[in-house]
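Visitor: Place chains P, R and G on chain H using the hints.
Number of protein chains: 4
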Amino acid sequence: MIVVLKPGLTQEEIHKVVERIESFGLRAHLSEGKERTIIGAIGDERLLADQTLESFPGVEKVLPILKPYKLVSREFQRANTIIEVNGHKIGGKKIHVMAGPCSVESKNQVLESAVPVKEAGATFLRGGAFKPRTSPYSFQGLGEEGLSYLAHAREVTGLPIITEVLDPRDLDVVYRYTDILQIGARNMQNFKLLTEVGKLNKPVMLKRGMSATIQEFLLSAEYIASEGNRKIILCERGIRTYETETRNTLDLSAVPILKQLSHLPVFVDPSHGTGRWDLVPPMALAGIAAGADGLLIEVHSHPELALSDGPQSLKPDKFAALMKDLKKVAEALGREI
Amino acid sequence: MIVVLKPGLTQEEIHKVVERIESFGLRAHLSEGKERTIIGAIGDERLLADQTLESFPGVEKVLPILKPYKLVSREFQRANTIIEVNGHKIGGKKIHVMAGPCSVESKNQVLESAVPVKEAGATFLRGGAFKPRTSPYSFQGLGEEGLSYLAHAREVTGLPIITEVLDPRDLDVVYRYTDILQIGARNMQNFKLLTEVGKLNKPVMLKRGMSATIQEFLLSAEYIASEGNRKIILCERGIRTYETETRNTLDLSAVPILKQLSHLPVFVDPSHGTGRWDLVPPMALAGIAAGADGLLIEVHSHPELALSDGPQSLKPDKFAALMKDLKKVAEALGREI
Amino acid sequence: MIVVLKPGLTQEEIHKVVERIESFGLRAHLSEGKERTIIGAIGDERLLADQTLESFPGVEKVLPILKPYKLVSREFQRANTIIEVNGHKIGGKKIHVMAGPCSVESKNQVLESAVPVKEAGATFLRGGAFKPRTSPYSFQGLGEEGLSYLAHAREVTGLPIITEVLDPRDLDVVYRYTDILQIGARNMQNFKLLTEVGKLNKPVMLKRGMSATIQEFLLSAEYIASEGNRKIILCERGIRTYETETRNTLDLSAVPILKQLSHLPVFVDPSHGTGRWDLVPPMALAGIAAGADGLLIEVHSHPELALSDGPQSLKPDKFAALMKDLKKVAEALGREI
Amino acid sequence: MIVVLKPGLTQEEIHKVVERIESFGLRAHLSEGKERTIIGAIGDERLLADQTLESFPGVEKVLPILKPYKLVSREFQRANTIIEVNGHKIGGKKIHVMAGPCSVESKNQVLESAVPVKEAGATFLRGGAFKPRTSPYSFQGLGEEGLSYLAHAREVTGLPIITEVLDPRDLDVVYRYTDILQIGARNMQNFKLLTEVGKLNKPVMLKRGMSATIQEFLLSAEYIASEGNRKIILCERGIRTYETETRNTLDLSAVPILKQLSHLPVFVDPSHGTGRWDLVPPMALAGIAAGADGLLIEVHSHPELALSDGPQSLKPDKFAALMKDLKKVAEALGREI
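Just so you know, the sequences run in chain order H, P, R and G.
Residue 56 is where the first sequence starts when you use this note's numbering, and the numbers rise one by one after that.
Residue 56 is where the second sequence starts when you use this note's numbering, and the numbers rise one by one after that.
Residue 56 is where the third sequence starts when you use this note's numbering, and the numbers rise one by one after that.
Residue 56 is where the fourth sequence starts when you use this note's numbering, and the numbers rise one by one after that.
Quick caveat, the hints were computed from the structure, so don't treat them as lab data.
There could be a bad hint or two in this list.
Treat identical chains as interchangeable: a pair holds within one or across any two.
[To be verified] Using 30 Å as the maximum straight-line C-alpha spacing, the simulated DSS-like pairs for lysine-lysine come out as follows:
#  : residue 1 : residue 2
1  : Lys-71    : Lys-89
2  : Lys-71    : Lys-122
3  : Lys-379   : Lys-148
4  : Lys-122   : Lys-370
5  : Lys-382   : Lys-149
6  : Lys-122   : Lys-379
7  : Lys-61    : Lys-373
8  : Lys-61    : Lys-370
9  : Lys-71    : Lys-162
10 : Lys-370   : Lys-71
11 : Lys-61    : Lys-116
12 : Lys-379   : Lys-162
Please read all numbers here as calculations on a predicted model, not as lab measurements.
For reference, chain H alone in the conformation it holds in the complex:
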């Protein structure tokens, strides 16, 4: 950590800053320039996570040098994390596609997606039973009933399931049914929920918050990891920008950056990332080309009747066509689907 001092401090004022730094167990190293004096604070600057130095008298600004997260960082673990779920390995050479409806609406509706996505090559079934909806007047999901329909579709197709949990109080019931727990974008900084899933022994997919920086995203993953659960999948799903043609702006550069900074698998959700089914195929392909380990794609047999996110859902035939293109691109890059 670099501490930049205001110009014109007395030796005594500088000494007080040095003392403060040393009180945290760090060493202070002074460099006096013509216009500014700076202090290098040497040691584990995470001890100073609360960064109170910025409000210390005489301090102009504080520049961190080290990353504030540790367990999820590539420096902590060089090798990619591989997560095994029902025999599938996530984070290795094989790219996984998790597909299915946005919301679970009925037993049949789930099957109508699950069967064709399985045939087309998807390896996981996605579907929401607890839904975070912007308006209180929107469909809020079927709850446990919805989970049971997912479980039924798993029995029929053999696809393991991934579904969202919104509330620590629902964690028991969701845990019983699902193979992967999903934390949605709106809950990326629901720290209580992160702490709870961190205590479980089940993979968690953590979606990037709508306006989360990559650093905040990794710190949220660190919340889970620091409780003991290291089976974390990161998912880029679009960030909020000024552009209105798309629901969000899919930040694909996050994929190679996350792969550099962290050892965790990285997925892309082109459905939420664009909000438009016609943009899902090009952005799914681009996600794979950017190095993603997997995709999360909304598929609905009748998008025009869907109770949520119809406009961004692919029909099964379009999904099957996309899977063929994805395979070609994956192979061109030395991976497989």
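Guide: Relative to the frame of chain H, chains P, R and G by itself:
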């Protein structure tokens, strides 16, 4: 709601869209232009909150005409909502300043802020016992112990208290201690938590999410109102933009817009809105000039030792000086503090 | 165009809005709903480009239905525009890679990039002689001298050149040397410059402004087209967001959207789009997968000595490796490089 | 400047970085930590404006310590710059309001604004004769004819005028007519234009670009100052964010920040900053409360017939009422209008 059709549809295709609109109990009214045919869907378009029409075949786009929220809208209730808390009226002529430390750290530390802010004219004491922190390695708050220190400061100063609740499971304990419940920016779309506070009979301050539109903000307030609790205070606290000089960009235009669209009181938090104590006074003054009904300001007797948000906390003497300026501006605009 | 009226207007007030609409040569079509009356303004709403209706008494808001641009729209011309430059066809099956240094620094430095990028398969040479620099103290480019070095490299390698023009007063000299004129992101709304290049008979690459919407981008292209020059190449180069890991956020969803809305070729610039050479390969691959017709890539033989944009420049060997991967992905998707 | 090295470098690699730093005339000061070695580069880091160090082998990142601008900085000149125009002092105790129509449309239309704004207390007349319009089909301004109407209104009212220049080729004619040259937001990084106005001896109002950081804004002012012209007024006019209720998000925190970092006068434009006339009064008041030295306000006698920006123009009576409130707030804060 206006439904814009794609060019070149057959009469039968148009008819199917009309049927779909009518199936929701709305009337369909066609206008045929040279380049596009549009349909006005007349009636309560909130029935279509799930907006599946956008994925209906032949539909190019859907333009809503009415606001998606109702109970919190100025159209629903013309007169300003006035919320009474321990004899204080929030939302009327008097502007309220809620001040105190970011985090509760000790019994003394709370008092060291509470006593001077009371003397300077603040009418409520703020302080956090459950803290949402970006890093798992940061101070997470004292929990119920912290609440008891706030209650103690209330006894000493007579100031009612406002404190944040993060988790539905903590609601009972926070409810017992606090006079106003605060929902933080990170939880603005924690819909389960909104639903729970909506069932209580205690005022709620709802802070705008870091990247929430004004419409999403009002929809989150609608979640609370639709459960029965109408004592809601809205708080602008800065939005995320590309600018890095400030922690957030305080969007003061949200104040007059919220006052137009809604009957609820509107506060401004210049501490989180800027992240810098030196910007708190000008932005507090600007907030009042823009029409805010109150302010939320962080005050700490020793910001350089604070366990959170030191850089944005005012010292008590600076806070007292600000209160004098605030009074002058409030009076110039026909209000009082 | 839909004109939404405020609630509670008298018939006379409504009539005045109707008259105003008709004064522009449009037809007005009323729909009276329970909560709002709306008017469909039928005809060429581009006649109302100045949108004064929003400030007409009684009008709540105006919702455009048609796109405000015409000549560059896919509706105006179904088939892709193919631009021929020295025998190369841009916008067809073949993907073009334009590569070279950010700034022209010397005759040798240009050659040191031009020769290896030609060998690796690039079809155009890029390089800046007039440089838009954020600081007045940064290197501003060699001007005409730089153009002559580019021309020399063209002679040696046979690669046609693309270079930026900043000022209408430089247009003559740049025109004499270059094969494609580039309008940079900072000049996307330099309407005088757009108008001038619109009068020329030479292809123009127009880069998206740092915070331009897709609609504004296409309106800037319309400026060029409306003066007669239809040889326009659009280039996505990253937009400004809150994320700080990258210099800009490359908005790859702009690629399929622009291809839908317009018939013009669409390029991607992963160098400016990320600001980091290590992110150029994954984002170049992703750009192709998203459907781009070409790439603009900065290559420098000694990035550590470059006078501008060193951190985002690839070395020739890394560029050659990337070209191999690009070919594989292009072929997988039925295109070629 | 702090240079952070990658972990695990050899002494020789470190030595090469040191040599490179010293080759620019700076001194290098090493600090070796447990996880990273950093080098303090001591001296005038503006010599390194081109920042090629980031791409030097072994360098992880470069953290600047000093501001990249100089002449416009508060460190260079402690006292506020006061600019005299026709006897008016801009930047002192008195707050100036510059008002008038967005576009000059006719001799009468200018007078219909100029006379009442003068009566209400405005001290300058604003109006555009060269207009930067998003669409080529919008009204582009009257050019020199418009300038002559402004000059006529100046004769009648005695108000000095401010008007925009878009193109270096128009600078002569605009210079002849106007008292203050305005550089609009879209041209904030039109460096050729900045350089040209920097050579003149006439005040320049520089508006912040739509997505410019405060640092980039000050660097653009530095372009003007470095050519010799120090009579620069900065103007905040709203930045682009995701919020759609307003045309831009007026960033009022920029006002106190610019006053801290620079000695130049700072204005606020609440008309462009919001895009809505009904938000102009609260945001004008807030601008003054935040410490602005003046305001730029659009006034039109018939906004519903305006050829540009009607929705954000105040009528003369509303402007007069606002001026009364502005005076009260200015006085409350020890200033005058």
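Visitor: Compare the structure with each hint and give your call.
Guide: Evaluation of the provided hints:
Proximity of Lys-71 and Lys-89 under a CA criterion of 30 Å is satisfied in both settings, with 21 Å inside one chain copy and 24 Å between copies. Taking the closest pair of Cα atoms, Lys-71 and Lys-122 come within 30 Å of each other both inside a single copy (26 Å) and across two copies (26 Å). In this assembly of identical chains, the alpha carbons of Lys-379 and Lys-148 lie at most 30 Å apart whether taken from the same copy (18 Å) or from different copies (20 Å). When the C-alpha separation of Lys-122 and Lys-370 is checked against a cutoff of 30 Å, the pair qualifies only between copies, where the shortest distance is 28 Å, while the shortest distance within a copy is 42 Å.
In this homomeric assembly, Lys-382 and Lys-149 come within 30 Å of each other (Cα to Cα) both inside a single copy, at 10 Å, and across copies, at 22 Å. With identical chains, the CA atoms of Lys-122 and Lys-379 are never at most 30 Å apart, being 40 Å at best within one copy and 34 Å at best between copies. In this assembly of identical chains, Lys-61 and Lys-373 lie within 30 Å of each other by CA distance solely across copies; the values are 20 Å between and 61 Å within a copy. Taking the shortest alpha-carbon separations for Lys-61 and Lys-370, only the inter-copy value of 19 Å comes in at or below 30 Å, while the best intra-copy value is 61 Å.
Within a single copy, Lys-71 and Lys-162 get their C-alpha atoms only as close as 68 Å, which misses the 30 Å cut-off; across copies the closest is 27 Å, which meets it. For a Cα distance limit of 30 Å, the shortest separation of Lys-370 from Lys-71 across copies, 19 Å, qualifies, whereas the shortest one inside one copy, 66 Å, does not. In the homo-oligomer, the alpha carbons of Lys-61 and Lys-116 lie at most 30 Å apart both inside one protomer (8 Å) and across protomers (23 Å), since each shortest distance falls under that limit. In this homomeric assembly, Lys-379 and Lys-162 come within 30 Å of each other (Cα to Cα) only inside a single copy, at 28 Å, whereas the closest approach across copies is 47 Å.
When each numbered hint is compared with the structure, a violation occurs for hint 6 only.
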